[in-house]
Amino acid sequence: MRLTIRWFAKVVAAGLVFAAAPAGAAEFFIAPDGNDANPGTRGRPFATLERARDAARQLHHEGTPPPGGITLWLRGGDYVRTNALELRAADSGTPNAPVLWRSLEGETARLLGGRRLSGWGPVTNPAVRQRLDPAAREAVRQVDWRAGGLTDFGGMKSRGFGRPTTPAHCELFFGGKPMTLARWPNEGAWEKIEGFPESTAAGDDHGGKIGRLEAGFRYAGDRPRRWQDTAHLWVHGYWAWDWANSYEQVASIDLESRLIKTQPPYGLYGFRKGQRFYFLNLLEELDQPGEWFLDPATGMLYFWPPEPLEAAGAKEAVLSVLAAPLIRLDGVSHCAVQGLTLEATRGSAVQIRGGLSNRVAGCLIRNIGNWGVRVEGGAGHAVLSCDIVDTGDGGVSLEGGNRQTLAPGGHEVENCLFARQGRWSKCYVPAVLMGGVGHRAAHNLIRDHPHCAILFNGNDHLIEFNEIHHIALETGDVGAIYTGRDYTYRGNRIRHNFIHHTGGVGMGSMGVYMDDCVSGTEIYGNVFYKVQRAAFLGGGRDHQVINNIFVECDHAVELDGRGLDGSPVWRNMVDKTMRQRLAEVPLALYRERYPALKALDEFYGPPGGPALEGAAFRGVPPGGNQVARNICYGKWLKVYWHATPAMLRLENNLTNALSAFVMTSTDPQAADFEPQPDSPAWRMGFEPLPLSRIGLYGDKLRRAPVLSP
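In this note's numbering, the protein residues as written are 2 to 710.
These are calculated hints, taken from the structure and not from any lab test. All values reported here derive from a predicted model rather than from experimental measurement. Please note that a few of the clues may not be correct.
Below, a list of computed lysine-lysine pairs in the BS3-like style, where the Cα atoms sit at most 27 Å apart [what the hints assert, rightly or not]:
1. K274 to K193
2. K262 to K274
3. K599 to K577
4. K636 to K531
Beta-carbon label-pair distances, calculated as ranges [claimed, not checked]:
5. G507 to S568: 47 to 57 Å
6. E377 to N97: 53 to 63 Å
7. A232 to R594: 35 to 45 Å
8. G209 to A312: 50 to 60 Å
9. R117 to R354: 26 to 36 Å
10. P290 to W191: 16 to 26 Å
11. A203 to A136: 14 to 24 Å
12. E652 to P689: 17 to 27 Å
13. R138 to A232: 40 to 50 Å
14. N36 to E188: 38 to 48 Å
15. E377 to T645: 36 to 46 Å
Backbone N, C-alpha and C fix where the C-beta goes; we use that ideal spot for every residue, glycine too.
Using the sequences and the hints given, assemble the complete structure.
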């Protein structure tokens, strides 16, 4: 998919982002070759970010801050971090006098949480050479990781679905891209679970069998017989479902019975025959360019470089070391981080807790172990015009607002390029995660993700003008835009997005996935192109699917009635959860804000009646859903699983639009889906869409138009 960016200036909110220091601003300068004994001027800069922070803080202590705020200029070069840059309430600006941390014009300042590796040489130890694949023995290079004084390599930890987020283990990056920890089968291939001890198996809610985690699983073949040392062996897999992965350390491997047991603590699910997995962290499997292995006993790192390491101008090799955010804002307000490169931490790049109206703008955030930016509470924070690529977990997480009062948090992420999130955790670590009330994700480009692109929970979120493609590349039963399992998630709007070329394994993927009876979402004016199941209404109520374009989807709209299913998996899981979540919010307030919720009284009783959890299961039909004024070329509607077409309000949909669009390219952009002037859709009430505004735009925060990495 080609990437076209409209290049125009855009004024950003709150006056916190500037092309130059504003009039009346105080200025301090920092440079990698500076000195903290200097006064922090352009000619005599500080050396450390902390010294500059303290100088700015002192201005506030001395009295009224400068009327134009404070700008802290970072000269070009690397600022190697051994700890987070900690900013507190004392480092705040004001609405009219913000504090701005940014690169000097024309220079690139990089906060680096890793160490550049040098001193590579051939592998000479006969025992190590013997363990390597014959094809790798001359190609692999080694470096003594501890020779530079490093001692903590951040050992691997279990992570993935249901596991808490912890700092990642150290990783090797070469030429600005993550390398692959030695594995078998090689990247792109999988082994399959052969089975499990039958005596430990139990039936699941879907009619199959699942083996207990503590009993282990069986593999096929004899590949493990070649491995001489499995003390550091791990496995990664989708052990029971294609939407739940985890990394687990191998406790034992029985070569005769081909049985593997993993280390406790155990996760939520067991082992299912035929599910995908692979082995990793094995020296013997370092057998192709781009793979690496670190021996924690000797401190020796082995790497098969894709390009020569010893050549003049060789690309940089970096090992991530820092186990903390590069920048942490705690209780800070009216502060901006602009134009920096943030790279190679095992934690997140930026963490914001509390505070008001902070900005992360025009930054390159890459090769991160956890999240790009995490916003926890506060109000009015924004991530603007950033490139966020190659993160171990997600891209940007926005949490804020109050679901008890429905007061909005007002966070936003806009005009950002996201690529290759979920390098490690894979599932439910989207490019954009929104929780709480009243956030916005707009004009972003999201691509190349193993699972979902945007995931939200809560109320009154706005998802608009985003382009999303090539997601669900490794998982199934997933949506490009996803939420689920709550009748009270109301007021959310998904409008004017372009979703195309989605992947999916097993159960496949959806464009907009309203899972497990979640309700009340507006899906308006989007373009779905080559999406497996475009607008999927999984048993919920009061959705509005209006004025969308569906081209070559399978199907355009799907509705099921799972809320009527009386089987244990739905009665004891979904219905129970829905009741609990209804009881957790102030229903009087919600019924006033979202009147359609009153219709649930028929099934659960009115507020103040019998306890929601104690009421007998009656089943809730998918009522109140409207599908109107849509255009479809391809498969149109599927209604099943206790639902009937009578449960949908269908109005003025054009479902045989064989030649409805002005598409002249085999690689169409959103704007190519404008209906023909004589299309009958116009007579049926279809309203024009602002297609040319979808996706990234150029602005003064970017040094040049961004190209896809």
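Each hint, compared with the structure:
no.	hint	in the structure
1	K274 to K193	7 Å, holds
2	K262 to K274	15 Å, holds
3	K599 to K577	19 Å, holds
4	K636 to K531	11 Å, holds
5	G507 to S568: 47 to 57 Å	21 Å, violated
6	E377 to N97: 53 to 63 Å	26 Å, violated
7	A232 to R594: 35 to 45 Å	57 Å, violated
8	G209 to A312: 50 to 60 Å	54 Å, holds
9	R117 to R354: 26 to 36 Å	31 Å, holds
10	P290 to W191: 16 to 26 Å	21 Å, holds
11	A203 to A136: 14 to 24 Å	44 Å, violated
12	E652 to P689: 17 to 27 Å	19 Å, holds
13	R138 to A232: 40 to 50 Å	22 Å, violated
14	N36 to E188: 38 to 48 Å	46 Å, holds
15	E377 to T645: 36 to 46 Å	44 Å, holds
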